[in-house]
Amino acid sequence: MNSIDSRMSIIIGDVWNDCVAVAIDVTVLGSLESAQADGEPDLIVELIDLFLKDAPRRLANMSTFLEDGDLHSLSREAHCLKGSSATLGALVMTKLCQAVENIVRDRPWEIARPLSDLHHEFLRVLEALSAERHNRTARLPALR
Amino acid sequence: MSFTIKQPMLRVLIADDDPVIRCLVASSVKRAGYTPVEVNDGREAYRTLQADSNFKAAIFDMMMPFLEGIDVIRHMRTENRLRRIPVMMITSEPDPKVMIDSFAAGATLYLPKPFTPEQLHTTLGMLFSRRVFA
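Order-wise, the sequence lines are chains D and E. Using this note's numbering, read the first sequence as starting at -4 and increasing by one per residue. Using this note's numbering, read the second sequence as starting at 15 and increasing by one per residue.
This is chain E alone, in the form it adopts within the complex (with noise of 0.2 Å):
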């Protein structure tokens, strides 16, 4: 007899106005087991998460319009259900500020343009093994 253990739904949440970058990390997401959830920009994402925070890990663009990454993550940061959400940030500003802002709003990891697979799937590998707490 066998059974089918029937795992929660893990998802991830990817905001990228770049559809090729959303594209390979939505790829590598699916490589790693997990069901990616694609939105095209931060205020996307904010509606996204406005109505459901069941997500894994959360991957934002630094540079998106309406609403930044950085914006999004200073939300999610002043909210208790979503909170929880380890977020990774991707962005190809080379301004090593963009890098402590990202910290600073709340970012758990943060992984500069351009990036190898290997680089993306590493990066991923910390962010599904990470938790926030408030």
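Looking at chain D on its own, in the form it has when it is part of the complex (with noise of 0.2 Å):
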């Protein structure tokens, strides 16, 4: 196994070591609370909704991207996926992101595996925001 085998092992073997983990870290999730600005709607709802209309389109591109042969283009979705996901919590998400982009830099032909974890994982973090969410909007009559 040469350099890059071994690298690209571990980033796998993390990221499915973290398949165990939960899909959203709520600690996260919840620590954006302190960036509520005062009379607005519930920001962490919001943050939620947006993800959950950007992220379907983002993957959406990066199936289309490689159906094209657009790496580039693929991996410019993965990382601002990885962006958001790391945001909200979504670690798992996020560490997927990171492996697309490395294996589209390094072992491109190896692309499509990781790239369907990434689409599996995100329907674990369509479940887990979609509940937090649902609390979330429970606690806050204005929301209903």
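Honestly, I wouldn't trust all of these hints.
Some chain E residues close to chain D (C-beta under 8 Å, calculated; not the full set) [what the hints assert, rightly or not]:
(1) P33
(2) I35
(3) C37
(4) L38
(5) K70
(6) S106
(7) L125
(8) T130
(9) P131
Don't read these hints as lab results, they were simulated from the structure. As the structure is a prediction and not an experimental result, all values here were calculated from the model. Every residue, glycine too, gets a C-beta built ideally from N, C-alpha and C.
Two chains, two separate frames, one set of hints: put the complex together.
Here you go:
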């Protein structure tokens, strides 16, 4: 196994080890409350809504870019998704986005697997964020 | 008798194609008492700055469609009316060269993603207290 092989194995290994972890770290998500501006709608609900609208579009773009062989654009989408995933505490998804970026750079012929994993992880994140949104809106009568 | 002192518009230009980060930054800017002006990409930021230089500060993502944050900063540093505006660059790019290039282009501050609201708040405080002298 060469150095790139071993590095990628470590990255993939880390990602798979984390798959037993929760999809959303609620401590990270909850910390965003401190950025709430007075008199504005609930920030966390707003961020969840934006993410759940934006992420599927980016994932669909990534699949299209893969079909078109446009790995540069695919990597850019993964990069952007990495930032928002990390912000909302979707830590496994963040690592998978990083893995996609790394594999595009180092071993592009193996991109299909991590991209598929990323799509599957998003479903876990979708479920977790939807539940979190439900819990928050239940506590906020104005948002019902 | 009470007087209302009208404050000058203290607006902050925010350019990021990621709506989650843009919304979070805008909320922190509002919380700090400023008015965010949000745009989706570097080209929109450039066009906005062509028409209007009345900004207290600007916050750009590094990697944006059409025109990257660093290119908008380079443009700002060539125009007298935009040179005074301090700019914070935010990015999830781990390569330290991006930070070096950002400062070389004229960025005032640099905040790597992911950041906590506290880190953002502190960095915004530094940004709003800065003035760039050409």
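L125/E as an interface hint toward chain D, with CB separation required under 8 Å
12 Å, violated
Quick one, is the S106/E hint okay against chain D at 8 Å, beta carbons?
4 Å, holds
Hint check, T130/E versus chain D [nearest Cβ-Cβ separation less than 8 Å]:
6 Å, holds
Let me know if the C-beta of L38/E comes in closer than 8 Å to any C-beta of chain D, holds or violated.
6 Å, holds
Interface hint compliance - C37/E to chain D, C-beta minimum distance less than 8 Å:
Status holds, d = 6 Å.
Classify the hint on P131/E as holds or violated, based on whether any CB of chain D lies nearer than 8 Å to its CB.
With Cβ-Cβ at 4 Å, under 8 Å, it holds.
Do the numbers back the hint for I35/E, that is, is its least Cβ distance to chain D under 8 Å?
With a closest approach of 6 Å, the I35/E hint holds.
Hey, does the K70/E contact hint survive, CB to chain D under 8 Å?
Hint violated; K70/E Cβ to chain D Cβ min 17 Å, cut 8 Å.
P33/E was flagged as interface toward chain D. Is the shortest Cβ-Cβ separation under 8 Å?
Hint holds; P33/E Cβ to chain D Cβ min 4 Å, cut 8 Å.
Going through the hint list in order, the structure does not satisfy hints 5 and 7.
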